[in-house]
Amino acid sequence: MTSQYGPMATAYFAFKSMIFFPSQAEALNGLIAYLESSNPQSPLLTEAKLFVEDPSELEFDFNRMCIGPYKLLVAPYEGIYRSGTHVINTDETVEVADFYQQIGLVIDDKFNEPADFIGNELEFLYCVHALASEQRQANNLEAANELDAMADEFVNKHLGVWINPFCEGIKLHAKQAFWREFANELQLFITKQLHE
Numbered sequence: 091m092t093s094q095y096g097p098m099a100t101a102y103f104a105f106k107s108m109i110f111f112p113s114q115a116e117a118l119n120g121l122i123a124y125l126e127s128s129n130p131q132s133p134l135l136t137e138a139k140l141f142v143e144d145p146s147e148l149e150f151d152f153n154r155m156c157i158g159p160y161k162l163l164v165a166p167y168e169g170i171y172r173s174g175t176h177v178i179n180t181d182e183t184v185e186v187a188d189f190y191q192q193i194g195l196v197i198d199d200k201f202n203e204p205a206d207f208i209g210n211e212l213e214f215l216y217c218v219h220a221l222a223s224e225q226r227q228a229n230n231l232e233a234a235n236e237l238d239a240m241a242d243e244f245v246n247k248h249l250g251v252w253i254n255p256f257c258e259g260i261k262l263h264a265k266q267a268f269w270r271e272f273a274n275e276l277q278l279f280i281t282k283q284l285h286e
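Heads up, the sequence shown is in the numbering used here, so the first residue is 91 and it goes up one at a time.
Simulated restraints, written as ranges between beta carbons of each label pair:
| no. | residue 1 | residue 2 | range |
| --- | --- | --- | --- |
| 1 | Thr-281 | Gly-96 | 18 to 24 angstroms |
| 2 | Thr-136 | Glu-258 | 17 to 23 angstroms |
| 3 | Asn-129 | Glu-258 | 16 to 22 angstroms |
| 4 | Gln-114 | His-176 | 27 to 33 angstroms |
| 5 | Lys-139 | Pro-97 | 20 to 26 angstroms |
EDC-like mimics (lysine to aspartate or glutamate), calculated; alpha carbons at most 20 angstroms apart, straight line:
| no. | residue 1 | residue 2 |
| --- | --- | --- |
| 6 | Lys-265 | Glu-147 |
| 7 | Lys-261 | Glu-149 |
| 8 | Lys-265 | Asp-151 |
| 9 | Lys-282 | Asp-238 |
| 10 | Lys-265 | Glu-137 |
| 11 | Lys-265 | Glu-143 |
| 12 | Lys-247 | Glu-185 |
| 13 | Lys-139 | Asp-151 |
| 14 | Lys-161 | Glu-149 |
| 15 | Lys-139 | Glu-126 |
Calculated from the structure, these hints are not laboratory results. For each residue, glycine too, the CB sits at the ideal point set by N, CA and C.
Produce the entire structure from the sequences given, and follow the hints as far as they go.
Okay, structure coming up:
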């Protein structure tokens, strides 16, 4: 697990893993472990445990809402919310990719999702917090503080700007209570970090 990088990185890892791999037991077990340590009273924890034997229904529901093949019920892209259009790969997508490049991350061309896909934004924040943790452990406090500031700036300028409509869309369209509770938990986690 990623707990060696601290609670922030662990949280981001748990959330992004469920976005990227909603039917994988490893992702679900990571989310359960995170919730057991950080929020054992969470309704999401109760829902997550219902799918330990077979999480495939979680992927079906997520894909139905956020991937397709039909009309997207809940767009998982920042640019759609910020530009007010139904176009992906917007100026906002470029801004997000520029953030990633500050720590040397680039989106693999084989990966079908643009930089501003929800999973990519969560992955970036996981990476930044993991790097900050490594810098703190190496006693490079100035570098750690710079990475923390980068994460704060990214949440305030990007993910925090569109997390509410994204999560509200999930709550509205999810068939599985798991995804409604996931949206509640993610929304609360991100909004707590705004302007901190």
